[in-house]
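With the hints as your guide, set chain B with the ligand onto chain A.
Protein chains in written order, with the working numbering: chain A, 176 to 319; chain B, 72 to 504.
Fair warning: there could be bad hints in the mix.
[To be verified] Quick list of the computed label-pair ranges, beta carbon to beta carbon: (1) B:D433 <-> A:L262: 39 to 49 angstroms; (2) B:D242 <-> A:R194: 33 to 43 angstroms; (3) A:N238 <-> B:K464: 24 to 34 angstroms.
[As the list claims (entries may be wrong)] Each computed PhoX-like pair below joins lysine-lysine, with the alpha-carbon atoms no more than 20 angstroms apart: (4) A:K281 <-> A:K312; (5) B:K84 <-> A:K232; (6) B:K84 <-> B:K94; (7) A:K188 <-> B:K479; (8) A:K312 <-> A:K299; (9) B:K264 <-> A:K229.
If you're looking for bench data, these hints aren't it; they were derived computationally from the structure. A virtual CB, placed ideally from N, CA and C, is assigned to each residue, including glycine.
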Amino acid sequence: MNVTQLSAFVANKPGHLQRVLKVLADESINIITLTIAETSDFGILRMIVNDPDKGHKVLRENNITCSITDVLALEIDDTPGSLYNALDVFAHMNLNIEYMYAFTEKREGKAVMIFRFEDVEAAKNALVGKGYNIVRKIDIIGEK
Amino acid sequence: MYSKDIETMPEKKMKELQLERLKWSVKHAYNNVPFYKKKYDEAGFHPEQLKSLDDMRRIPFLKKQDMRDNYPYGLFAVPLNKVVRVHASSGTTGNATVVGYTKNDVEVFAEVVARSLSAYGVTENDVVQVAYGYGLFTGGLGLHYGSEKLGALTVPISGGNTPRQLMLFKDFGTTVFCATPSYALNIADYIEKNMSDYKIEDTKLRIGVFGAEPWTEAMRTEIEKRLKIDAYDIYGLSEVIGPGVSCECSEKSGLHVFEDHFYVEIINPETGEVLPEGEKGEIVYTSLTKEAFPGIRYRSRDITRLYHDSCKCGRTLVKMDKVSGRSDDMLIIRGVNVFPSQVESVLMEIEGTEPHYQIIVDRKGSLDDIEVMVEVNERIFSDEIKVMNELSKKINDKFRSVLGINAKVTLSEPGSIPRSEGKAVRVVDKRKQ
Ligand SMILES: [Zn+2]
Chain A
176 MNVTQLSAFV
186 ANKPGHLQRV
196 LKVLADESIN
206 IITLTIAETS
216 DFGILRMIVN
226 DPDKGHKVLR
236 ENNITCSITD
246 VLALEIDDTP
256 GSLYNALDVF
266 AHMNLNIEYM
276 YAFTEKREGK
286 AVMIFRFEDV
296 EAAKNALVGK
306 GYNIVRKIDI
316 IGEK
Chain B
72 MYSKDIETMP
82 EKKMKELQLE
92 RLKWSVKHAY
102 NNVPFYKKKY
112 DEAGFHPEQL
122 KSLDDMRRIP
132 FLKKQDMRDN
142 YPYGLFAVPL
152 NKVVRVHASS
162 GTTGNATVVG
172 YTKNDVEVFA
182 EVVARSLSAY
192 GVTENDVVQV
202 AYGYGLFTGG
212 LGLHYGSEKL
222 GALTVPISGG
232 NTPRQLMLFK
242 DFGTTVFCAT
252 PSYALNIADY
262 IEKNMSDYKI
272 EDTKLRIGVF
282 GAEPWTEAMR
292 TEIEKRLKID
302 AYDIYGLSEV
312 IGPGVSCECS
322 EKSGLHVFED
332 HFYVEIINPE
342 TGEVLPEGEK
352 GEIVYTSLTK
362 EAFPGIRYRS
372 RDITRLYHDS
382 CKCGRTLVKM
392 DKVSGRSDDM
402 LIIRGVNVFP
412 SQVESVLMEI
422 EGTEPHYQII
432 VDRKGSLDDI
442 EVMVEVNERI
452 FSDEIKVMNE
462 LSKKINDKFR
472 SVLGINAKVT
482 LSEPGSIPRS
492 EGKAVRVVDK
502 RKQ
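With the rest of the complex left out, here is chain A (with noise of 0.2 angstroms):
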């Protein structure tokens, strides 16, 4: 049920994102929602595709450094406050974020953020004790 991130490696210069891009494109991959995190020297994108484990197979034959992660996609009211709590309920329970980005398109009127955890499985249990609603892969990335 959890999501599954395409991350790639990227040198920070000019056309390296794009080559990735193509990549993806040539093969009809589909990209739902990316976020780039940078250094002076190279950037992670991190992306949410309709299937991450060709997106994956493509990326490799094409000698491009990449991996696949388990993500967290939760669904928040789109309401002031609403991510204070959730980082709260986090907090509280020692769950330690790397990184989060948002979803671009609102779910039924909830916004939806990606949250990248050391351990997946024991944020997802707090956050379901605590009544947040987590959206599932199918529910992002739709049938295959």
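Same frame as chain A, now just chain B with the ligand:
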């Protein structure tokens, strides 16, 4: 052992044989190559003065530049109709140096390579795939003739075309693979990336013969682990004969020099003074039997040391350390001497990093800057910036503690560092441009 009498000859007897052959070789060069005659006359040396091995110190050195100045045939000591083959090395800088071989020289070349292969445990029952380049470079033909002389089935595939190399491992039942160590790792990478169903264990590969570029113990461990073979060093220079000047034995610790054909000394590269046995310095070669291209006191620029250690393999031949670097390749960065091989050792100590690296030295104002580019593969990649930064820091800390320099570590994409199937370009020195 291929030539037991020679390879186990007592040291004293070997020295006598060397002196006898040296007298011939120095005279041969003096009498037949105007370059040597002029140089020795100017230095006040005459071959008749060579009465003991110690007298060798009086003979002027032969330098790579002398070979370039006498391009192409100026240092040959026999008429061209006695020369049956030439090899040439382009060197890393400047124009080519050309070396010639008579029929007998070609025989000696094959003999020392056959002895080397035999020292690694290769026999006539083996299938030897020679993936060194065939051509002016001595690697391909050198291993080829040596392997044939030993009686092994020899596969002259030459370098490159990795899928074909891998196919022949299986189809021809290759047991011995000869290549540059960086190409061996390219092959391991290739299997990992592109042929996940190719199992190296399914081949009969058991021995790797690697040379033509300096490589470290850490690289040996990596090659042995990934290709499931025993990896041995073969050392040589085209200026001396080619591969087979010295070879490792079953002990994988130090290389035995074929002293019946090559006389070796270690000198201080700054002063030219001969150093006692056991001290580290530049190794200098004198050919004892070569007819077409005698090399008398050739300065190799290779840094090593010589020692006798009653080797378990039974050979009494003097040993040299694996060459740790070439004095030409040595970089002086903010007053610190750095060999590319040291950079490689540091990287290999860090789990998952590859020996694909490039050192870029530049001068910013009055200070030297060193940047080390390291490729990021799947084994060290993380989707977390924190982890990647820790990796950079770990490499940087290692450089500081091992080399005493502060290097900028740049993590880069796979394939961004130029590869070659011959010699890898490890150093870009922008201070010289
Ligand atoms: Zn030995």
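Going through the hints against the structure:
Under the hint 39 to 49 angstroms, the C-beta atoms of B:D433 and A:L262, about 45 angstroms apart, fit the expected range. Checked against the given bound of 33 to 43 angstroms, the beta carbons of B:D242 and A:R194, roughly 36 angstroms apart, stay inside it. For the hinted restraint 24 to 34 angstroms between A:N238 and B:K464, the CB-CB distance of approximately 26 angstroms keeps it satisfied. A threshold of 20 angstroms between alpha carbons decides the hint, and for A:K281 with A:K312 the separation of about 16 angstroms falls inside it, so the pair holds.
This hinted pair does not check out: B:K84 and A:K232 have alpha carbons roughly 64 angstroms apart, beyond 20 angstroms. A threshold of 20 angstroms between alpha carbons decides the hint, and for B:K84 with B:K94 the separation of about 16 angstroms falls inside it, so the pair holds. Between A:K188 and B:K479 the alpha-carbon distance is near 18 angstroms, which keeps this suggested pair within the 20 angstroms criterion. Using a Cα cut-off of 20 angstroms, the hinted pair A:K312 and A:K299 holds, with the two alpha carbons roughly 14 angstroms apart.
The straight-line distance between the Cα atoms of B:K264 and A:K229 is roughly 15 angstroms, inside the 20 angstroms bound, and the hint therefore holds.
In summary, the structure is inconsistent with hint 5 from the numbered list given earlier, while agreeing with all the others.
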